[in-house]
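A.B. asks: Full structure from sequences and hints, please.
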Amino acid sequence: MNSTPECDKVLLVQAELDGELDAAAAAALAAHRAECPICTAAAVELAQARTLFDAGLYQTMPEGVRGRVMARLAAAAPHRAAAPGLGWWGRWRSQWRFTAAGFGAGAACAAALALVVLTPTQPNLVDEVVAGHIRALQPGHLEDVPSTDQHTVKPWFDGRIDFAPPVKDLAAERFPLRGGRLDYVSGRAVAALVYQHDKHLIDLFVWPAGAGAAHPPEAAEHDGYNVVHWTQDGMALWAVSDLEAKLLREFAEDWRGSP
Amino acid sequence: MLPHLDAAYNLARWLMRDASAAEDVVQEAMLRALTYFGSFRGVNPRAWLLQIVRNVAYSSASIERGVEFVAIADTAAESATAGELVSSADDPEGMLMKARGAKQVRALIAALPVELREPLVLRELEELSYKEIAEIIRIPIGTVMSRLFRARRLLAQAAAGAAT
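If you read the protein sequences in the order shown, they are chains A and F. 178 is the number of the first residue of the first sequence in the working numbering; add one for each residue after it. 30 is the number of the first residue of the second sequence in the working numbering; add one for each residue after it.
Treat the hints with caution; some may be incorrect.
What the hints assert, rightly or not - Reference excerpt, derived from the structure (chain A facing chain F, CB under 7 Å, subset only): (1) Tyr-235; (2) Thr-237; (3) Val-242; (4) Val-246; (5) Arg-249.
To be verified - Just the calculated beta-carbon pair ranges, DEER-fashion: (6) F:Ile-168 <-> A:Ala-204: 23 to 33 Å; (7) F:Arg-70 <-> A:Ala-248: 23 to 33 Å; (8) F:Ser-91 <-> A:Arg-245: 17 to 27 Å; (9) A:Ala-207 <-> F:Pro-169: 18 to 28 Å; (10) F:Ser-88 <-> A:Pro-323: 35 to 45 Å; (11) A:Glu-240 <-> F:Gly-171: 36 to 46 Å; (12) A:Ala-349 <-> F:Arg-70: 37 to 47 Å; (13) A:Pro-436 <-> F:Ser-158: 49 to 59 Å; (14) F:Val-143 <-> A:Glu-421: 48 to 58 Å; (15) F:Ser-91 <-> A:Arg-433: 58 to 68 Å; (16) A:Ile-215 <-> F:Ile-168: 23 to 33 Å; (17) F:Tyr-87 <-> A:Ile-215: 31 to 41 Å; (18) F:Pro-169 <-> A:Ala-211: 22 to 32 Å; (19) F:Ser-91 <-> A:Glu-421: 51 to 61 Å.
FYI, nobody ran anything at the bench for these hints, they're computed from the structure. Each residue gets a CB set at the ideal place from its N, CA and C atoms; glycine is no exception.
C.D. replies: Listed below in structure tokens is the structure:
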């Protein structure tokens with residue numbers, strides 16, 4: 178009943194069982210095991226423990242519990258826009274709570290939304306900007322500074338963000354500016370400019386691109402949203418919209434070409 | 030986070046050994062997860078959520094109260110599970126496990142100390158790697174390995190004891 182390993186290789190025996198050994202280490206271990214009774218016995222014991230596990234041991238969440246948890250999450254979420262003065266962090270939190278409120282409204286819808294909004298964001302900026310766009314479409318979240326005047330929107334970012342985002346009005350190109358807001362993408366506060374085309378809204382996320390060559394427009398699609406990304410004048414720009422891909426591309430080209 | 034609700038519940042259930050305590054833990058963990066998702070920078074949301082579940086569970090007053098582990102399914106599924114565990118008679122491991130129902134196995138695992146139970150559940154039921162487990166529990170990988178080893182050895186011995 179000794180519960181401590183007596184041969185320092187027994188943990189490797191276990192690592193092999195768990196698929197954590199590479200081929201070379203496994204071969205070296207096999208040679209050792211052939212002449213080590215302790216490791217041979219440990220292998221048997223570990224295999225016995227493994228056989229005890231079975232799908233029946235997984236504690237799946239009962240539907241009743243799931244329903245209660247979801248309902249309480251929804252109840253904990255205030256159905257209101259973020260209080261003013263919270264800053265982007267507070268807004269972020271509020272948006273998450275707001276999103277949680279949506280979950281309570283319909284489980285199917287919630288699950289679909291969760292896949293969009295809650296997937297890991299770091300490795301995939303497309304996911305992240307689309308999620309940001311969807312969050313912004315929640316009532317009251319689209320603009321912090323609603324203005325069609327670029328000379329109002331641009332100074333608004335002063336002091337709120339550590340760079341000066343280029344703000345352009347493309348009303349002449351059928352993409353009038355609606356306003357701007359702070360958002361949070363890839364671990365940093367970014368500027369989001371809001372444009373409109375007919376009934377469609379376009380979010381243009383802007384942040385400093387860092388080093389690297391200029392990047393021509395590149396299109397992507399994610400869950401029905403179109404995304405166009407490019408870099409220009411040291412800024413990374415991500416346009417996201419439910420606008421059709423061709424029009425969003427035109428928007429990007431117009432923006433790039435505009436002074 | 031919602032796709033990982035079952036994983037959250039599974040871990041909470043095994044840590045707390047009590048259905049209603051597990052529900053409370055999952056509830057609080059989901060609230061925290063949704064609130065702090067903005068600060069999440071990793072690539073593995075399931076591991077991140079499990080880490081939160083663990084933190085909530087350990088700060089819960091009832092984690093080590095020794096609440097009796099109540100089997101959830103005491104039905105046909107249970108006996109089917111028990112049946113599957115019965116292996117051929119010429120397999121010594123199968124002999125050992127003969128007639129070990131899932132219910133009894135659950136009780137044996139639940140009886141393990143929580144610091145051994147935890148890596149075992151993460152490894153065998155969530156099928157996480159040593160590295161992921163180490164990150165969730167915040168212990169070195171070597172410690173994960175030695176705890177897992179102790180957990181399995183105790184479990185195998187307890188099962189052998191229960192079988193005879």
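A.B. asks: Determine for every hint whether it applies to the structure shown.
C.D. replies: Consistency of the hints with the structure:
| no. | hint | verdict |
| --- | --- | --- |
| 1 | Tyr-235 | 5 Å, holds |
| 2 | Thr-237 | 6 Å, holds |
| 3 | Val-242 | 5 Å, holds |
| 4 | Val-246 | 5 Å, holds |
| 5 | Arg-249 | 6 Å, holds |
| 6 | F:Ile-168 <-> A:Ala-204: 23 to 33 Å | 29 Å, holds |
| 7 | F:Arg-70 <-> A:Ala-248: 23 to 33 Å | 30 Å, holds |
| 8 | F:Ser-91 <-> A:Arg-245: 17 to 27 Å | 18 Å, holds |
| 9 | A:Ala-207 <-> F:Pro-169: 18 to 28 Å | 26 Å, holds |
| 10 | F:Ser-88 <-> A:Pro-323: 35 to 45 Å | 43 Å, holds |
| 11 | A:Glu-240 <-> F:Gly-171: 36 to 46 Å | 40 Å, holds |
| 12 | A:Ala-349 <-> F:Arg-70: 37 to 47 Å | 40 Å, holds |
| 13 | A:Pro-436 <-> F:Ser-158: 49 to 59 Å | 53 Å, holds |
| 14 | F:Val-143 <-> A:Glu-421: 48 to 58 Å | 55 Å, holds |
| 15 | F:Ser-91 <-> A:Arg-433: 58 to 68 Å | 60 Å, holds |
| 16 | A:Ile-215 <-> F:Ile-168: 23 to 33 Å | 25 Å, holds |
| 17 | F:Tyr-87 <-> A:Ile-215: 31 to 41 Å | 34 Å, holds |
| 18 | F:Pro-169 <-> A:Ala-211: 22 to 32 Å | 30 Å, holds |
| 19 | F:Ser-91 <-> A:Glu-421: 51 to 61 Å | 55 Å, holds |
The structure agrees with every numbered hint stated previously.
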